[in-house]
Amino acid sequence: MRVKNIHSQDSQAELGEAGQRLALNIQTEVSREAIQRGDWLFSQPPLSPTDRITIEVEAAQNLQESQAVHIYHAASRTTGKLTLLQAKQLSPQQKVLAELILQEPLFLTYGDKLILRTGDAKSLLAGGKVVEIHSPKRYKRTEVRLNFLQNLLSAQYSAQRLSYYLQHRPMQLSELAWLEQMAEAQLSTLITDNQALAWQGWAFSQDYQQTQSDKLIETLANYHQQQPDQLGLSKARLYRIAAINQPETLIYHFIENLLEQNKIQQTRGWLHLPEHKIRFTAEEQALWQKVLAHFEQQQGQALWVRDLANLLDLEESEMRNFLYKAGKLGYLTPIVRDRFMLTETLYAYARWIKAFILQQGEISVNQLRDELQWGRKMTVQLMEYFDRCGFLRRKGNVHLLRDRDLFDL
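Every letter in the sequence shown is one number past the one before it in full-length UniProt numbering, and letter 336, counting from 1, is 336.
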């Protein structure tokens with residue numbers, strides 16, 4: 001669809017501005033019947049329309065705490081339910097915050113004007129100004145939230161609102177651009193001027209990054225205290241424990257920053273605090289070199305505790321305890337009980353499987369067996385391990401990626 005020219009007040013214009021009534025000469029393959037009153041024309045993909053919003057409502061007549069309304073926005077019209085958030089009733093000319101649930105979703109941005117009429121549409125009920133386009137279903141009347149909404153209303157400029165938007169949570173750049181109706185370059189300048197930060201489609205404040213980074217460090221410290229014999233946590237597990245409700249992309253970015261600053265360290269894939277060290281004794285280190293030699297002879301295959309005990313003439317229980325300690329140190333991983341694989345080899349297989357699925361869409365046991373040239377039993381054990389840990393998920397006779405970043409170092 002292409003706009004050939006713009007007409008304003010019966011004359012051709014180079015541009016149209018907010019508040020003007022315009023006629024557009026459009027070149028498109030869309031039929032005239034498919035275009036309806038209230039449709040929008042976008043130069044960039046919009047956010048999804050919303051059906052639950054927060055507004056500042058100014059009463060034109062007495063309002064009850066909850067009532068049915070007709071809603072008019074630009075050339076669109078729908079019905080909905082109005083619920084006052086700060087009062088049980090409202091007199092004419094009074095203003096309060098209210099929630100509006102729409103029967104049909106609308107494309108709305110901050111500051112859009114609404115007209116509300118009674119449920120029978122016979123009389124004017126109130127005017128409204130959009131404050132928030134995604135009203136929460138719970139805790140909508142908390143003091144923190146109402147203060148946040150009042151701050152948005154008191155802000156005179158987009159820069160002020162941006163600081164409030166990012167005060168407690170990150171936001172996607174696409175959402176911010178839509179809310180404030182800004183081009184990408186404008187938003188980038190605004191973020192820089194506000195000393196906010198941006199990363200891979202997200203905007204966030206420095207305070208947010210500091211808070212999440214502190215949580216990551218605190219989580220590792222607690223884990224070390226509770227599990228002193230464990231080296232640390234994988235990146236994916238640290239994310240799930242410390243910040244499961246936060247954007248994964250940002251938390252992984254903060255982890256990388258902490259690694260660069262040496263506030264946390266990574267050893268054989270495990271994240272830990274710099275002061276947390278567990279290691280083999282001199283005797284255990286010598287035994288490990290013998291165990292490692294046998295693993296290297298297996299060309300990537302897993303070994304049983306019993307087989308290694310027999311090869312090195314040790315008691316099975318002694319070998320089991322040693323191999324599980326090696327697992328805690330990150331050298332080995334048990335793919336099933338008492339059968340171990342070198343952790344670095346396991347990561348290499350995970351990277352190959354990930355690349356294969358990204359290209360083919362899925363992988364089967366037979367395809368993996370053909371690649372590794374193993375027996376079916378060990379191939380199944382490896383695949384089931386990846387299913388259990390959350391890297392893959394089984395669907396019929398094939399396996400799909402579930403958490404593609406789980407084995408990324």
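Hints in this document: simulated from the structure, not taken from any laboratory. Hints are supplied without guarantee of correctness; some may be wrong.
Claimed, not checked - What follows is a set of in silico ranges between Cβ atoms, one per label pair, in the way DEER data are often shown:
1) Q172 with I101: 19 to 25 Å
2) N321 with Y139: 31 to 37 Å
3) Q86 with L273: 42 to 48 Å
4) Q200 with S91: 35 to 41 Å
5) I241 with S48: 30 to 36 Å
6) Q200 with Q86: 49 to 55 Å
7) E29 with Q181: 26 to 32 Å
8) G375 with Q227: 20 to 26 Å
Said to hold, decoys possible - For lysine to any residue, the following SDA-like pairs were computed, each having C-alpha atoms within a straight-line distance of at most 20 Å:
9) K113 with Q94
10) K290 with T333
11) K129 with L149
12) K325 with W304
Computed from a predicted structure; not experimentally measured. Note that CB positions come from ideal geometry on N, CA and C, so glycine has one too.
Here's how the hints hold up against the structure:
1. Roughly 24 Å separates the CB atoms of Q172 and I101, a value that falls within the hinted 19 to 25 Å.
2. Taking the beta carbon of each, N321 and Y139 are about 50 Å apart, not inside 31 to 37 Å as hinted.
3. Distance hint for Q86 and L273: a CB-CB separation of about 46 Å, consistent with the stated range 42 to 48 Å.
4. The hint said 35 to 41 Å for the Cβ distance between Q200 and S91, and at roughly 49 Å that hint is violated.
5. In this structure, I241 and S48 meet the distance hint of 30 to 36 Å, their C-beta atoms being roughly 31 Å apart.
6. With their beta carbons about 38 Å apart, Q200 and Q86 fall outside the hinted range of 49 to 55 Å.
7. One distance hint, 26 to 32 Å for the beta-carbon pair E29 and Q181, holds here, with the actual separation near 28 Å.
8. A beta carbon spacing of about 35 Å between G375 and Q227 contradicts the range 20 to 26 Å that was offered as a hint.
9. Annotation: proposed proximity of K113 to Q94 holds, straight-line Cα distance about 17 Å (limit 20 Å).
10. This hinted pair checks out: K290 and T333 have alpha carbons roughly 17 Å apart, not beyond 20 Å.
11. For the hint pairing K129 with L149, the CA-to-CA distance comes to about 12 Å; that is within 20 Å, so the pair holds.
12. Straight-line distance between C-alpha atoms of K325 and W304 comes to about 15 Å, which keeps the hinted pair within the 20 Å bound.
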